[in-house]
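Here is how the chains run, residue by residue.
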Amino acid sequence: MLAKRIIPCLDVRDGMVVKGKNFEGIREVESPVALAARYNLSGADELVFYDITASAEGRALFADTLKEVASRIFIPLTVGGGINTLEDFDRVLKCGADKVSVNTGAIADPSLIGRAARRYGDQCVVLSMDVKRVDGRFVVFSHGGRRNTGIPAEEWAYRGQEEGAGELVLNSIDTDGVKDGFDCEMLQKVCKKLTIPVIASGGAGKKEHFLTLFDEVPQADAGLAASVFHFGEIDIGDLKCYLSQNGVHVRI
Amino acid sequence: MIAVIDYGVGNLFSLAASLKYIGAESVVTSDERTIRDSSAIILPGVGAFADAFAKLRRGGLARVIKEEAADGKPLLGICLGMQMLFERSFEYGEHEGLGLIPGEVRSIAPLTGALKVPHMGWNALDMRGHSPLYKYVSDGEYVYFVHSYSAQGCGGYVSATCSYGGAELTASAERGNVFGTQYHPEKSGAAGLKILRAFSEMA
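Those protein sequences? They're chains V and S, same order as listed.
In this text, residue positions in the first sequence follow the working numbering: the first is 4, and each later residue adds one.
In this text, residue positions in the second sequence follow the working numbering: the first is 629, and each later residue adds one.
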């Protein structure tokens, strides 16, 4: 039986892991290599790195960071941030990434998903979506959650799957950083017609939130979080023990 | 020296890095001489069977690997590399494989009912017998899978299975000096490193 996955997410800028609230108020925390090593030891099932650098120097630094992590940590690594072309896929895969996550780049050109899937395989292409409630509907936002695309989330998720995405990350802008639980209502609605694995993101504040997620959204294969792990509010080892005791199948 | 076969399929960064990490000497190569001179061979691979096998054959590497395995050299196929060890695959048509282990590769979709395909994520090994590959890991160890096809009809050569959607999928198989893992040991954390160490010690 497949285990439910617990995935820490590391936003990296200029070689450091950063985390803010509701997509704003960024502050620095620590070295991505040290943090990744700690997560690996505590039982993280996968790591996600988002490159939130704007400069060329920062991008080169990110590549070095990624290589260092991939040389020391042997669990699946997903990389996202600024992926707009097949060359971008190539650039991060060469540094040791296993999966590449696309967001704004795929909204600008949906054919990117299919082209990448044909070249690197479906398993390599992760469609990441930032979703927000607008007038009672779930809508996709681009550009790091700043721009309303007007695209209904259910529609875009299904389109991504049909284009060839092998996995989907659903991040709720409404619950991101609020620490009051995952956006189960959104997840249930958007997951409904999907057959690819889904990673739930945004809103985890305590262990119980992961249990609620897996109970209420059986389609969710994984729970992703950042700050609660970075700041030690939830220890991944403790979390997995807790989930296991409560009947959730996890890798321990 | 372990030869990691480079035939233009997939990403070898993690495999090379993991061998280095456990202190096993390895070289990523497509050179016949280097492969002949190696003490063990790893055949990696992701993607579609037909395309990958054509690439392996084009460079004459399929013949070299077959001969070296027949000669008793330890060989480890990983993921698609494992699937190529069998007699044939039915992934988009029917294609001949290396034929080093009896059995064939078929879609897992009819076996797993309504569950998601690909089978992607961490699953537990259910070991059959005592494989030398598993001398440092115990039954129930979790490893990382990503695949839509699996080896079937390879009965006595199965060294571990994993349970998915009511089906027992072949997780690994072996015949003498030839080993195959459907999962990725280079992505399976500490357990995967132990499995690679066991293989590297056969070199």
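To be clear, the hints were calculated from the coordinates, so they are not data collected in a lab.
Check each hint, because a few of them may be wrong.
[Unchecked claim] Mimicking DSSO-like on lysine-lysine, the simulated pairs with C-alpha atoms at most 27 Å apart in a straight line are:
| hint | chain 1 | residue 1 | chain 2 | residue 2 |
| --- | --- | --- | --- | --- |
| 1 | V | 182 | S | 763 |
| 2 | S | 822 | V | 70 |
| 3 | S | 763 | V | 195 |
| 4 | V | 97 | S | 763 |
| 5 | S | 648 | V | 97 |
| 6 | S | 701 | S | 822 |
| 7 | V | 192 | V | 210 |
| 8 | S | 744 | V | 196 |
| 9 | V | 135 | V | 97 |
| 10 | V | 192 | S | 744 |
| 11 | S | 822 | S | 763 |
| 12 | S | 744 | S | 694 |
| 13 | V | 209 | V | 192 |
| 14 | V | 70 | S | 648 |
| 15 | S | 763 | S | 648 |
[Said to hold, decoys possible] A few chain S positions that, by computed beta-carbon distances, are all more than 12 Å from chain V:
| hint | residue |
| --- | --- |
| 16 | 645 |
| 17 | 657 |
| 18 | 658 |
| 19 | 665 |
| 20 | 682 |
| 21 | 690 |
| 22 | 701 |
| 23 | 723 |
| 24 | 767 |
| 25 | 784 |
| 26 | 790 |
| 27 | 791 |
| 28 | 824 |
Glycine included, every Cβ here is placed at the ideal spot set by N, Cα and C.
Status of the hints after comparison with the structure:
{"no.": "1", "hint": "V:182 / S:763", "result": "43 Å, violated"}
{"no.": "2", "hint": "S:822 / V:70", "result": "22 Å, holds"}
{"no.": "3", "hint": "S:763 / V:195", "result": "43 Å, violated"}
{"no.": "4", "hint": "V:97 / S:763", "result": "32 Å, violated"}
{"no.": "5", "hint": "S:648 / V:97", "result": "17 Å, holds"}
{"no.": "6", "hint": "S:701 / S:822", "result": "20 Å, holds"}
{"no.": "7", "hint": "V:192 / V:210", "result": "23 Å, holds"}
{"no.": "8", "hint": "S:744 / V:196", "result": "12 Å, holds"}
{"no.": "9", "hint": "V:135 / V:97", "result": "34 Å, violated"}
{"no.": "10", "hint": "V:192 / S:744", "result": "18 Å, holds"}
{"no.": "11", "hint": "S:822 / S:763", "result": "8 Å, holds"}
{"no.": "12", "hint": "S:744 / S:694", "result": "34 Å, violated"}
{"no.": "13", "hint": "V:209 / V:192", "result": "23 Å, holds"}
{"no.": "14", "hint": "V:70 / S:648", "result": "14 Å, holds"}
{"no.": "15", "hint": "S:763 / S:648", "result": "20 Å, holds"}
{"no.": "16", "hint": "645", "result": "4 Å, violated"}
{"no.": "17", "hint": "657", "result": "18 Å, holds"}
{"no.": "18", "hint": "658", "result": "18 Å, holds"}
{"no.": "19", "hint": "665", "result": "26 Å, holds"}
{"no.": "20", "hint": "682", "result": "16 Å, holds"}
{"no.": "21", "hint": "690", "result": "21 Å, holds"}
{"no.": "22", "hint": "701", "result": "25 Å, holds"}
{"no.": "23", "hint": "723", "result": "17 Å, holds"}
{"no.": "24", "hint": "767", "result": "14 Å, holds"}
{"no.": "25", "hint": "784", "result": "25 Å, holds"}
{"no.": "26", "hint": "790", "result": "8 Å, violated"}
{"no.": "27", "hint": "791", "result": "6 Å, violated"}
{"no.": "28", "hint": "824", "result": "9 Å, violated"}
Hint violations for this structure: numbers 1, 3, 4, 9, 12, 16, 26, 27, 28, all remaining hints satisfied.
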